[in-house]
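K.L.:
Following the hints, position chains B and C against chain A.
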Amino acid sequence: MAFFLETLLGGLMAGMLYSLVALGFVLIYKASGVFNFAQGAMVLFAALAMARFAEWLPQLTGLTQPVLVNLIAFVLAGGVMFMVAWLIERLVLRRLVNQEGTTLLMATLGIAYFLEGLGQTIFGNDIYKIDIGMPKDPVMAFDHVFPGGLLINQEDLIAALIAALLVALLSLFFQKTATGRALRAVADDHQAAQSIGIPLNRIWVIVWCVAGVVALVAGMIWGSKLGVQFSLATIALRALPVVILGGLTSVPGAIIGGLIIGVGEKLSEVFLGPYVGGGIEIWFAYVLALLFLLVRPQGLFGEKIIDRV
Amino acid sequence: MFYRENGQFKTSYPQDQQIFPIAQDRVFVVLLLLVAFAAVPFFASDYMFRAILIPFVIMAMAALGVNILVGYCGQISLGSGAFMAVGAYGAYNFFARVPEMPLLPALLLGGLCATAFGVLFGLPSLRVRGLYLAVATLAAQFFADWMFLRVKWFTLDTPSGSVSVSNLQVFGMSLDSDVSKYLFCLTLLVVIALLAKNLVRGAIGREWMAIRDMDVAAAVIGIRPMYAKLSAFAVSSFIIGVAGSLWAFIYLGSWEPSAFSVDQSFRLLFMVIIGGMGSIMGGFLGAAFIVILPIFLNQFLPMVAGLAGFEISTTVVSHAELMIFGAMIVWFLIVEPHGLAKLWSIGKQKMRVWPFPY
Amino acid sequence: MSKAIGDVILDVHNISLNFGGVKALSDISFNVREHEIRAIIGPNGAGKSSMLNCINGVYTPQQGNITFRGQTFSHMDSHQVAVMGVARTFQNLALFKGMSVLDNIMTGRNLRMKSNLLLQALRWGPAEREEIEHRLRVEEIIDFLEIQPYRKTPVGQLPYGLQKRVDLGRALALEPQLLLLDEPMAGMNVEEKQDMCRFILDVNDEFGTTVVLIEHDMGVVMDISDRVVVLDYGKKIGDGTPDEVRNNPEVISAYLGTGH
Chain A
1 MAFFLETLLG GLMAGMLYSL VALGFVLIYK ASGVFNFAQG AMVLFAALAM ARFAEWLPQL
61 TGLTQPVLVN LIAFVLAGGV MFMVAWLIER LVLRRLVNQE GTTLLMATLG IAYFLEGLGQ
121 TIFGNDIYKI DIGMPKDPVM AFDHVFPGGL LINQEDLIAA LIAALLVALL SLFFQKTATG
181 RALRAVADDH QAAQSIGIPL NRIWVIVWCV AGVVALVAGM IWGSKLGVQF SLATIALRAL
241 PVVILGGLTS VPGAIIGGLI IGVGEKLSEV FLGPYVGGGI EIWFAYVLAL LFLLVRPQGL
301 FGEKIIDRV
Chain B
1 MFYRENGQFK TSYPQDQQIF PIAQDRVFVV LLLLVAFAAV PFFASDYMFR AILIPFVIMA
61 MAALGVNILV GYCGQISLGS GAFMAVGAYG AYNFFARVPE MPLLPALLLG GLCATAFGVL
121 FGLPSLRVRG LYLAVATLAA QFFADWMFLR VKWFTLDTPS GSVSVSNLQV FGMSLDSDVS
181 KYLFCLTLLV VIALLAKNLV RGAIGREWMA IRDMDVAAAV IGIRPMYAKL SAFAVSSFII
241 GVAGSLWAFI YLGSWEPSAF SVDQSFRLLF MVIIGGMGSI MGGFLGAAFI VILPIFLNQF
301 LPMVAGLAGF EISTTVVSHA ELMIFGAMIV WFLIVEPHGL AKLWSIGKQK MRVWPFPY
Chain C
1 MSKAIGDVIL DVHNISLNFG GVKALSDISF NVREHEIRAI IGPNGAGKSS MLNCINGVYT
61 PQQGNITFRG QTFSHMDSHQ VAVMGVARTF QNLALFKGMS VLDNIMTGRN LRMKSNLLLQ
121 ALRWGPAERE EIEHRLRVEE IIDFLEIQPY RKTPVGQLPY GLQKRVDLGR ALALEPQLLL
181 LDEPMAGMNV EEKQDMCRFI LDVNDEFGTT VVLIEHDMGV VMDISDRVVV LDYGKKIGDG
241 TPDEVRNNPE VISAYLGTGH
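Chains A, B and C are the protein sequences, given in the same order.
Each residue of the first sequence is one higher than the one before, starting from 1 at the first, in this note's numbering.
Each residue of the second sequence is one higher than the one before, starting from 1 at the first, in this note's numbering.
Each residue of the third sequence is one higher than the one before, starting from 1 at the first, in this note's numbering.
So here's chain A without its partners, still in its complex pose (with noise of 0.2 Å):
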């Protein structure tokens, strides 16, 4: 029982690393209609950006406060993704205005390659290290309702907690402020939003800036986790099925969606991994969101897709 508890833990704590990376995806759908294949693109370069600001600051200035560094480098990685966002809308999205979904998915993946190599030129590929204080060791914890206690790790509690605050966040902005509806009548149809007066491309530029920050939440804290390395890129790939099952346009969807599949993959892998030779994470999340687009494609908690004639 301990044992499936913990597994079931590890699978919300991974669930909600995924989930981190999926509001990126939310994010820019909800607002522009597109989809953001880039987005792992986008959590690598951030995270190569802070980190070797990180490294960086203290032989540039000699500032070797940790905290100050580190904060520094998260400014700087900032203004980096902001710059990241201006150029992306200045010289792909503006010119693919009302084009097809396909086109545009497509033009994200070319965004992709181009960050992926663009990153890794200018702050290198090797593996860089994130070091913002998280607690390394797991705590054993509930160990008087169970002998020897569970095993808990630290770090993933502190992930889970900033990304459930950064989705609070957005939330509210989504809902309650003016900024939010205009992004939602966006993503709803280019072209009426433009000809009522939204201005495209500075909504554009504010949506994939937001989008680039949360990248960057997310590299940071992966980065922590694993190392600053070029398969933060392919994040994006196993972070896609989490937004099927939670829907396109919903935050706490993406929430919903990564601890499924967090936990869903965990699960799956320990308990049915062994009877079909393992290694069942590779597909689990996958088919599971190919189910859902066969039964329900708008997700848990997304909006109905209405084809027009």
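Treat the hints as calculated values from the structure; they're not laboratory data.
Be careful, since some hints might not be right.
[Said to hold, decoys possible] On the chain C side, residues computed to face chain B include the following (Cβ under 7 Å):
hint, residue
1, Ala-94
2, Phe-96
3, Ser-100
4, Gln-120
5, Pro-242
[Stated by the list, open to error] Facing chain A, from chain B, some residues (calculated, C-beta under 8 Å):
hint, residue
6, Phe-9
7, Leu-120
8, Pro-124
9, Ala-259
10, Val-262
11, Met-323
[Said to hold, decoys possible] DMTMM-like mimics (lysine to aspartate or glutamate), calculated; alpha carbons at most 25 Å apart, straight line:
hint, chain 1, residue 1, chain 2, residue 2
12, B, Lys-10, C, Asp-77
13, C, Lys-97, B, Glu-336
14, B, Lys-10, C, Asp-143
15, A, Lys-304, C, Asp-77
16, C, Lys-97, B, Glu-100
Quick caveat, the model's predicted, so the values are computed rather than measured.
Idealized CB from N, CA, C, for every residue including glycine.
P.N.:
Quick look at chains B and C alone, frame taken from chain A:
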């Protein structure tokens, strides 16, 4: 001046509907085939065969298959690597398990395995499209990744997980020299390209394009979306499967599942986008571009850097490759969504009126 | 103009169609006789296109049924409807923009093409002959609609009026017994409208095709149609010859403004 159609009147519908209606085009294609079959084997070096020609021929076939699904029928697919894998492992199993199985039937049977797999994972296209269909095809990709990695039966229970073939022969001729490999693949490519071209200019091709352009209207004029979409998956995955088996048997010789990973799927999709969606020639142009670009960059960039006075390592070149791919994808999607093939046909248009500007 | 108007071939019984809370059609019944030209008129939003979509199988009505050539259906399947000989054009031109005029109209022949995949791949013998045979029929349609110079042009590049003709051509390629035209003259100038009228009358005259058409131009409706159905807010408010409908007070108050 040279490319005018003056005097070329079509007096019958077969003439009007032939694959190359302009005489100069026919001449060009015949010359091209002569060069490809007869001249190249004499002049190309081993390196050219192994690094450029053979991969190009096989990838062109795969790109053709992907183009039928993505370009002609409009069904986005990120699982092409999986279809190649099923073709490769399918052919391998027939070849290795069935005694005295000749090479060509094994390859074609591998293609048929890919067809079955393709139709199965193509079923979601009846319900969803766009991004959601992309997710379904990714499911196919990852499932195939796992299947060939973990289900030992497919790899004949080898401990290392990688398989190999050797001593390939076709019709009594041995396929150990580069030239013979090249000619074998080229022959298959030409045959498949011809069959594919006939399909896309016939009734089924029009059905595919109708589904791509507006599937509701297509249903109303009597086209069955189910038949059209699944036939696109079937034909496409057969071609990709055969290409996959060629890639494994002829080009790689021995391989692991990672040879057919999702990166391969993306590469194929890029070939189709850059080469031109909805065009048989687009597959060729895109494959040529993607095969040659890394080699070109590997030679060109260090040379340019040398002129400017600094050194470039191979990792930098590979990063540059990523950046150039990405940038080209975006550039083509913005400027010329119909890819190199469209640029080619614009060029031909200019040629038709040359030396006049229009 | 004397022509033999035959028996009822299409009978619409008590069709009701809702979208969520919106009632698009309420209890509509009317019939269409063979060889006639039946117009459906009404203000915007009256449900005319929805009615056509029901006959065509694009929408499924919640209530009522449709009898076509003696067979009754509670809902129509698009493909089956096409097989049974019903063709239509669309208000918003659902043409296949990536294909040429010739290919667009050829898709209308697909129902009648029998050769299978393998034969088509080889493009040999029967497949080639079939392709030629259907090409001949399509060329007849192209001649009829006077769009010969444009046959190889991608339809996306043609002006709107010509695209409408291609839409009609594609519908004609099915050799339909019943032709549903959804605002075939929308957005056309006087000359284009005259041409289109001529085509519709010729189709009805030469091939005996029954035509149901939605149209806003009162002049056209009064001129070419044999009988008229008037819809308003999803309900039927008039049904009869053009003269009867023209003098119906309900119709006048709801709809008939200035004639053109």
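K.L.:
Please list, smallest to largest, the hint numbers that this structure does not respect.
P.N.:
Of the numbered hints given earlier, those the structure breaks are 3, 5, 6, 7, 9, 12, 16, listed in rising order.
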